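A.B. asks: Below are the chains, spelled out letter by letter.
2 protein chains.
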Amino acid sequence: MNRLFSIASLAALAIATPVAAQESEQPEYPSPNTIVEAAPASEWVKIAPSDLLVMDLAPDTEGNSRRVVIQLMPAPFSQGWIRNIRKLAAAHWWDGTSINRVQDNYVAQWGDASEKKALPEGLETVPESEYQVDPGLVETKILLKMFETYFEWQLERTGIENTAPDVSKIPRLAIYETPYALDGDFFQNGWPVSFDETESGKWPIHCYGAVGVGRNYSPDTGSGAELYTVIGHAPRHLDRNIAVVGRIIEGIEHLSSLPRGKGQLGFYEDASKRIPINSIRLASTLPESDQPRFEYLNTEGESFAKYADARANRRDPFFIVPAGGADICNIPVPVRRVMGE
Amino acid sequence: MNRLFSIASLAALAIATPVAAQESEQPEYPSPNTIVEAAPASEWVKIAPSDLLVMDLAPDTEGNSRRVVIQLMPAPFSQGWIRNIRKLAAAHWWDGTSINRVQDNYVAQWGDASEKKALPEGLETVPESEYQVDPGLVETKILLKMFETYFEWQLERTGIENTAPDVSKIPRLAIYETPYALDGDFFQNGWPVSFDETESGKWPIHCYGAVGVGRNYSPDTGSGAELYTVIGHAPRHLDRNIAVVGRIIEGIEHLSSLPRGKGQLGFYEDASKRIPINSIRLASTLPESDQPRFEYLNTEGESFAKYADARANRRDPFFIVPAGGADICNIPVPVRRVMGE
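Residue numbers (the numbering used here), protein chains in the order written: chain A, 1 to 341; chain B, 1001 to 1341.
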């Protein structure tokens, strides 16, 4: 598809040397970040504090605080595990547990290293069937229509040599072809999701920063007490094999930059290397002044469509050849901190 | 495609809790690692010490040494920059420079932070045309035939409901569909490569651990003095926009676990945070006893084909649903250390 976008060199800074010259003229095509910054307030969606999990690690060796904020997935995905996670947070169950495993290009994982800590009463045993959700007949029809429109547009676009595509025709809800689902990946309500009509299912995706539920062998699916986050290339073979329950929206560097564990699978063999977790709380249970506020860019809005297109076709300064496409994990959903109300 | 692989739950350890029970019986399908371990010696290819770049960082705060080993790309890719890199290493140019930038889910970058250090004489100015290589008529024909065979096989496979595909029919050289190249991704001589016949080109891919050449705005392509490596999800929009010159085959954790820079683009604003580079040398110029020896699994061999299939279709213990496919960066080429001769 790249041949349709033979655009002369333009002017932003990706892998530049520290003092790369700044272009003074206004670029013809804004960068993805510029598009996000220009999005109207109406396209930003507030995240309820009750959907945020706040993890405070012990301060680092220089005494700096380390806070990680996780956004929990909205219905209909993974709600059984998420109910458990809310109970675990309410019981202050994670206080005094630790980050126990950091495996390079894979995951950082936390929970009770002793494995002897009793779980709170009333946790659900969630079945494997919950790894995906039946979209229902009406939504399946809508999704299939969307895919059809998209592929027609693709065909039209790639069939015409040396002609720039009519960008206004790009379906608002773009489809991302993927080896991981027969029908493709798409964004829904702010989250990357896969769809496979023949499997009658849609399911959440393991992108960078995704938070999932550690488990033992099948049919165990984990309670939610043992969690991990992705700190490398998207391990999408885990999709539908482990529950994705959320994503880190702030502070992932406190996990991704930890020393890698020297044990098997990156576990810390030396217990003194574990990073203590002071507390994990739902943001809504924190004192008002300590509640972080975030919002995400509506993935069904116009700005997101432009942003996604710009991520897939970098034409801003610095870039020479727009890729002509992107995999869904290379289009992170913009999330930003906002002031409290 | 997943519907063809409705295989009952089997039994390895991906995101397990620390004491996951070990299955005692022999699994029906070996894990990717087991396949690699069982590969005969004849399928391993030695990497010449003259193609290895050894970067020694200053020891960490606990006094542990930090060595990073980079394998340089073989011809026909990026050879102009690689000739420069060999000259820079021979001139000991990097000694006393530093890691200056670590941006989360993106890159770690090194070079001369002062930007005043004179470059050695005789470095080439490499043109942008070198970002891709013309495969030549004969190779293009072979590649197209390969793609045709692959897509026929795919069609056959996906056209038959509820029937397991004949794995023996999988073309030895698999093609990975991708949004980043019209014809697809494949492995050649141990490296992930994209191919687009209409662009008459093939080019190297930015996977996790890839090493590339920092540059200023086009038409500058960088000398090779400023280098970076990928420490997050594959930023494939950089393909054909920056030169890929190699990959880290050992010690990437010394870069990926560094504190993220707090300046723009992850640069260290505080110069004292930079990590000093003691030396960068071609391994062939080190004392014999200090030369690291590595080999990679032949990507045209039978074991690699099995390994890649197992990565795309995890059926080893722990997994419930094989994905039915993989993106090329989720199939890292196995590389191992060997004893000196």
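Source of the hints: derived by calculation from the structure; they are not laboratory data. Keep in mind that this is a model prediction, so the values were computed, not measured. Positions of the beta carbon are idealized from the N, C-alpha and C atoms, including for glycine. Honestly, I wouldn't trust all of these hints.
Below, a list of computed lysine-lysine pairs in the DSS-like style, where the Cα atoms sit at most 27 Å apart [to be verified]: (1) K1262(B) / K273(A); (2) K1273(B) / K1117(B); (3) K117(A) / K87(A); (4) K1087(B) / K1046(B); (5) K116(A) / K262(A); (6) K1117(B) / K273(A); (7) K116(A) / K273(A); (8) K262(A) / K1087(B); (9) K262(A) / K46(A).
Computed from the model, here is a short list of chain B residues facing chain A with C-beta under 8 Å [as the list claims (entries may be wrong)]: (10) A1058; (11) G1122; (12) K1145; (13) F1147; (14) F1151; (15) I1320; (16) V1321.
A.B. asks: Evaluate each hint against the coordinates.
C.D. replies: Tested hints:
1. K1262(B) / K273(A): 25 Å, holds
2. K1273(B) / K1117(B): 20 Å, holds
3. K117(A) / K87(A): 15 Å, holds
4. K1087(B) / K1046(B): 23 Å, holds
5. K116(A) / K262(A): 23 Å, holds
6. K1117(B) / K273(A): 39 Å, violated
7. K116(A) / K273(A): Distance of about 19 Å is within 27 Å: holds.
8. K262(A) / K1087(B): Cα-Cα ~35 Å, so violated.
9. K262(A) / K46(A): Given that 27 Å is the threshold and the Cα spacing comes to 40 Å, the pair is violated.
10. A1058: 16 Å, violated
11. G1122: 21 Å, violated
12. K1145: 21 Å, violated
13. F1147: With Cβ-Cβ at 15 Å, over 8 Å, it is violated.
14. F1151: Not OK, violated: F1151(B) not within 8 Å of chain A, min 13 Å.
15. I1320: 5 Å, holds
16. V1321: Check passed: Cβ of V1321(B) comes within 4 Å of chain A, closer than 8 Å.
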